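Asker: Kindly produce the complete structure, drawing on both the sequences and the hints.
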Amino acid sequence: MKYKIILLLTILLAIIGCGDTPIFTEMKTNRLRIIIKGTLETEGVSRFSKMTDQTINQSTFQDDSVDDVTDSSSLVGATVTTQDAQPTTFMLDIAEIRLNGAKISDYRQVFTIPLDDTSNHPFFNGTGIELVTDDPGVGNYDSVQLYIRKMAFNNAKLYQLVNSFSYEKDAEFIFNEQTVNGFDFNQLSVNSYWDGLRTESSGINRVFPVQIPIVGGMTYTKDNGETVLEIRLVVKNFIKKYEYDFYSAGVYKVCHYYAFSDWLRDVKAGESDIGRNLHAVARAYVPGKTGSITITSGSPTRYVVAIPTSEITSNFSNYYTTLSGSALRINKVGVRGVSGSSDLPIAPAYPGSYIEPILDYYLKYEKYKSDWTSQVAGLDLATYTNAWNAYELAVHGDPDGIYNYGLKIPPYVGYGANVTFSNLTPGTYKFYYIDYNAALPANYGKLFLDTEFQPLNSGADVVISEGVNTGF
Amino acid sequence: MKKSIIYISVLAVVFLMVTDLFAAGSRKKYFERPQIGLWYGPITPIMDTGEHVDTDLGGGAFFRYNLPYDPLKLGFDVSYQNYQSDGVDELTLIPTYFNLLYLLPINIPVKLQLKAGAGLCNVEFKPDGTKQWDPLFMAGTEISFPAGKMANIALRIDYLCIYEKHLQGSTTNGYVINAGISLYFNLNL
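Sequence order for the protein chains is A and B. Following the numbering used here, the numbering of the first sequence begins with 1 at its first residue and continues without gaps. Following the numbering used here, the numbering of the second sequence begins with 1 at its first residue and continues without gaps.
Among the clues, some could well be false.
[What the hints assert, rightly or not] Across the chosen pairs, the derived CB separations fall in these ranges:
#, chain 1, residue 1, chain 2, residue 2, range
1, A, G217, B, P42, 35 to 45 Å
2, A, L449, B, L57, 52 to 62 Å
3, A, N315, B, L57, 34 to 44 Å
4, A, D142, B, M47, 30 to 40 Å
5, A, N30, B, Q168, 18 to 28 Å
6, A, T219, B, M47, 32 to 42 Å
7, A, R108, B, P42, 18 to 28 Å
8, A, A347, B, P42, 42 to 52 Å
9, B, T92, A, T219, 25 to 35 Å
10, A, D67, B, L57, 53 to 63 Å
Simulated from the structure, these hints should not be mistaken for lab results. These numbers come from a predicted model, not from an experiment. All residues carry an ideal CB built from backbone N, CA and C; glycine is no exception.
Answerer: Below, the structure written as structure tokens:
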């Protein structure tokens, strides 16, 4: 009996058979490299109109939501250190990365990145910063989720209203366990005014995670020595000044802070939500298995973009918007204050238990009720819902539909008379150019509208093959 | 699931204790009976393996049977070992092996045994998603204290090598050290 048991166990072990994957070797091998860049451009530095060419109160740089302290230099006792100054660093705290929802990295990664051009930081010079990650399982992936814990620019300042506005102090927040100057605008990257009316409102946060499409998809296999996933966030020269209003101990205060341009989702005076103005795209390639192309665009002031043909045929409209910012909002939901418009007034914030601001609040609240009542007179719920749904579709897309990422930015973007894309995944692409004069102040903080996309190569497809440099 | 298995095992042992299964025929020869037991303790990845995953706690069960040559026993050992990393990588091992145990002929109140064996190890690596069986070799030692004629308490330490160098593209094996305290019973089979 006893020997039968031993024999049975031996046979059982023998018939299981052994695997052929060197798991422990695989464990110490890193095949996936995630690179993150802060420019619209795929290679090289940002060619947008420069932030440093904008003055601090210029309408291109100062959003129209700044309405209480429109010129900090005119405040009583204003000095160089007490008035607004453009940000010089970008702070980014990444908590986690997922691919198609599967966690591949939960290493905390914190970056403090200088915004100036002379420091030539890899986040902005086309090289990119490498994020620490573990390898995913073999498979096809079409989206990456970046969980951003905090995002901020420095030089945020607080002004308080005591008789008249005056500088109070530099705004501070905790970044990487240290108190630093800045304003974490991650917390405002929501769209609660209208999302709050939706059933899924509690789950709507635009940066935790940021849903980023991998244009063209990523096929991850162990046969490739290395796969590069490149994520681009449009940060450089896409920054505006905003104002955040609040009460502290009964005192009305405003914080001037810097965040991404509201080119797509307009931020109006009195609003604090700035969600869906972070534009992000990802692409994947296998080094050594790519093609390249050199395009003669003909003009030194042109953006050249490449988009896989499959994306164009399925949904080119994902890549452009016909209107942007306030024009888009007016088009979809109407003009605030006009009877029948779905852009209803926003209720004033409650100041807390302080008698004077409360009296002030009730006055504002009466005004709000009057405005709301007169505007809502010509409005019914269906119109309101449809208008905001249409706006949401235009801005961030429909999570369950074909516009599941909202506005996408092209996976390959270059600038100049001759543009080279050196690492294109083999496939068929269409090329477009966009005339863009960086010297025009009006171009600051803007992406491209549909009418600006002009086909290159007569709109014909270009086949990119592995190891081949082509061009037109 | 892991807890249920432990509960069921403990209950089974208690059940067996109340039967005469553990009744040793001779008090002096109690250690030379078949034995069944459990162990629990720190599991430590070492060398290359230790660079990627961290020490954790693991446990297992074993059965030992006498051989015609008295100081030698044949053992069968199975355990569950889950290792986490700083990131999302996670390694799960289920070593399953036979070993030979040699009782050192030293006349002291404790029993010293040397062990060596081989078998297979189920290796699962997440999020990579790979799961397979690999050959395994082990060596170890154990010091046992008798706790009456039925039970023994032991401290054990085992070195496990999960052999993968024979595979194409492999540059390393899996190396772990299991230490643990164990409780096992002398059966009256």
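Asker: Decide, hint by hint, whether the structure agrees.
Answerer: How the hints compare with the structure:
1. G217(A) x P42(B): 35 to 45 Å: Given a distance of about 43 Å, which is inside 35 to 45 Å, the answer is holds.
2. L449(A) x L57(B): 52 to 62 Å: 60 Å, holds
3. N315(A) x L57(B): 34 to 44 Å: Cβ of N315(A) to Cβ of L57(B): about 51 Å, so the range 34 to 44 Å is violated.
4. D142(A) x M47(B): 30 to 40 Å: With Cβ atoms ~38 Å apart, the hint holds.
5. N30(A) x Q168(B): 18 to 28 Å: 20 Å, holds
6. T219(A) x M47(B): 32 to 42 Å: Roughly 33 Å apart at Cβ, these two residues keep to the hinted range, so it holds.
7. R108(A) x P42(B): 18 to 28 Å: Hint holds: Cβ distance 27 Å, inside 18 to 28 Å.
8. A347(A) x P42(B): 42 to 52 Å: Violated, since A347(A) and P42(B) (Cβ atoms, about 59 Å apart) do not stay within the stated range.
9. T92(B) x T219(A): 25 to 35 Å: 27 Å, holds
10. D67(A) x L57(B): 53 to 63 Å: With a Cβ separation near 60 Å, D67(A) and L57(B) satisfy 53 to 63 Å, so the hint holds.
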